[in-house]
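Colleague: Chain by chain, the residues:
There are 2 protein chains.
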Amino acid sequence: MSVQVVLSSNNECGLSPRVGVAIGEQILDLTVIAILFEKYVPELKNPSNVFSQPSLNSFMSLGKPIWQATRRFLQNILSHDNPELRDNEELRQKAFVAQQLANLHLPAQIGDYTDFYASKEHAINVGTMFRGKDNALMQNWVYLPVGYHGRSSSIVVSGTDIVRPCGQILLDKNQPPIFGPSVKLDFELEMAFFIGSGNKLGVRIPIDQANDHIFGLVLMNDWSARDIQAWEYVPLGPFLGKNFGTTISPWVVTLDALDPFLVNGPIQNPAPLSYLKDNVPSAYDIHLEVKMKPNNSDSFKTLTKSNLKYMYWSLKQQLAHHTINGCNTRPGDLCGTGTISGPTENSRGSLLEITWNGQNEVDGIKRKFIEDGDEIVLTGYCQGEGYLVGFGECSGKILPAFTIG
Amino acid sequence: MSVQVVLSSNNECGLSPRVGVAIGEQILDLTVIAILFEKYVPELKNPSNVFSQPSLNSFMSLGKPIWQATRRFLQNILSHDNPELRDNEELRQKAFVAQQLANLHLPAQIGDYTDFYASKEHAINVGTMFRGKDNALMQNWVYLPVGYHGRSSSIVVSGTDIVRPCGQILLDKNQPPIFGPSVKLDFELEMAFFIGSGNKLGVRIPIDQANDHIFGLVLMNDWSARDIQAWEYVPLGPFLGKNFGTTISPWVVTLDALDPFLVNGPIQNPAPLSYLKDNVPSAYDIHLEVKMKPNNSDSFKTLTKSNLKYMYWSLKQQLAHHTINGCNTRPGDLCGTGTISGPTENSRGSLLEITWNGQNEVDGIKRKFIEDGDEIVLTGYCQGEGYLVGFGECSGKILPAFTIG
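Sequence lines, in order, name chains A and B.
Just so you know, we're using our numbering here: the first sequence kicks off at 156 and counts up by one.
Just so you know, we're using our numbering here: the second sequence kicks off at 156 and counts up by one.
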């Protein structure tokens, strides 16, 4: 089930944002069939109100049993055996909107946004570049999913242009930094999970209950200005090198819909501490791809292909770790995985890694980093037997920096 | 003007949270005098609605001219020359509530929370402890106000108990980390400013307009688990060592009310880059004090006395830097200053510095760090000619860690 907040615009009178579900090329407007929810999913109180919210937060906060009941009901109502919608032409006309006629919004009001650093290949690539092969991984990395807090105000939905950031850049270690537009603008191929039901301050979420709190997944591009980041990030972490914009895909694929794609993740050695131990498959086989449409081209060039299953620390481990100190989470909070790099050169999840910090150009296009007018598109899907679960697109184009007047 | 969200509880029928202003030992309930706002501050539209919100966000978003008009009106209505409130006994009875009968709430719904690291003395103390005197300050520190994103969900109002966090702790570099309650629990003496009117994504706030966006200041205790933090924070910054709880004082003192206490801050050498240059006094002379009531005592022991004026990077510089890359801010966002340490040993802003990472005990009480049941109270005030501007209290008591069952 892919859930979204949609502003339907298929006629002149603009409709307000509301909750919709992706059904092929169509969107099912849940406000229109709220009356059916009242009849068949009575445990979902006041569906008309929940689905007419401009964000998913209200629905997210209802908890996993309600998300599951909603999914079962939708599968039922959409099956060919069920006449309720099938034989009601008028209701169908109202309830379905073509995706291309709808405006897709940020799916939730995001309270807190956390970003992890959970791909071992990514951490090793970056560590090797900046500290050499022997010191690539920090000592703590194999014991805990390293994470940090990011900026929620600047998370935008796919399709939003991003202005190239300006900032301090150190060109020469023996000189003061200069000020100017970033010249090492990068993407990061990530996925992110939304918190559905949260936890109270002081009360942790055990790893075997973590999935009850995770609502679903989106694609995420954690735009990064490598030059700004390199100068500012010691000792307290990334700040202006990241918080000028983060793009997510509009459709949230609920965790239940991803159950068929659970696989074993990488072997974890050393064994995790007990609060991070997990004895069931917790990685997801999700194919990921990043393409660029350069500013001087009409066609897309594939930059990398990766897979969420390569990620070392699972989503459950990330959430269990996040709350082990009693940190509370709320419906709509977002947790990014960090860059998802794979084991091969053509599965690296950022230009930093692909061009090895600008030492090389991307094959076939003259790019070390992202230029003004370039567009970056992330896509993802799960391959089922005879069907796909798609994550849609996570796209963004870079606009030139504003200069100080 | 100290503005707050208040739940008046001076009678049996509980009132909903609303906006109030501190007048001595009393609180003026602005919802009760909304009708006077309609008459005298017509530019403030729908005051009844704005002041009956459960947070200040709505009022904050109205912008500086409205905050100033509100302040002028309140000064007027409270002056002895003005009969409107003075001679209306019935209205006065309704409008004033004793502070001790009111419940004070978190003053705003905080979207994003940022914490800076703007005290040079603090940065040098911490740097000296962990990297030695010669490498105490990182190269970037004197060029930019180092900052990072923190957790907004766990920001609580003064008086809220804090549960001691558990987490991974590295006791021996040659062994795996252990798991357990933090044994180096600390406070950090900070202040924080609330964003009033925000800025759009991609559009910076110039330093000479920064004060138009800052609504006001509170006291802040950035509780820190030094042992958890030390192990986790490389390379992406503090996370679980901080996000288990952050306490702020309930009353927001508006920036205008602090104008009389503007002073020159420390000399900045090297000269800041042009976007951080500021040619007017931008530091505030605010006296700060931290006391502890140990778990086995009925009396408070002063731990430190400091002053906001010691801070190297001004609030304006912090906000100009925060948005120089186009990062957007929203009404209710909170920015902490970082620990405010002064130039002397008895003005150090954390136990880490006071006990030099546990090497010494605090004089007179057997404390290297905070123990269960200890209470920490921050206070602050400005000394005017014949009057004080008080910041109230920022207090919290530590509860024992939950153990995993």
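It should be emphasised that the hints constitute simulated quantities derived from the structure, not laboratory data.
There may be inaccurate statements among the hints.
Because identical chains cannot be distinguished in the list, a pair is counted as satisfied if it fits within a single copy or across any two copies.
Claimed, not checked - For lysine-lysine, the following DSSO-like pairs were computed, each having C-alpha atoms within a straight-line distance of at most 27 Å:
#, residue 1, residue 2
1, 432, 523
2, 194, 464
3, 456, 219
4, 328, 288
5, 275, 523
6, 328, 275
7, 355, 432
8, 552, 355
9, 460, 200
10, 446, 552
11, 328, 432
12, 552, 523
13, 249, 200
Colleague: Hint compliance check: list the failing hint numbers for this structure, sorted ascending.
Modeller: Numbers 1, 2, 3, 9 - these are the hints that the structure violates, sorted from lowest upward.
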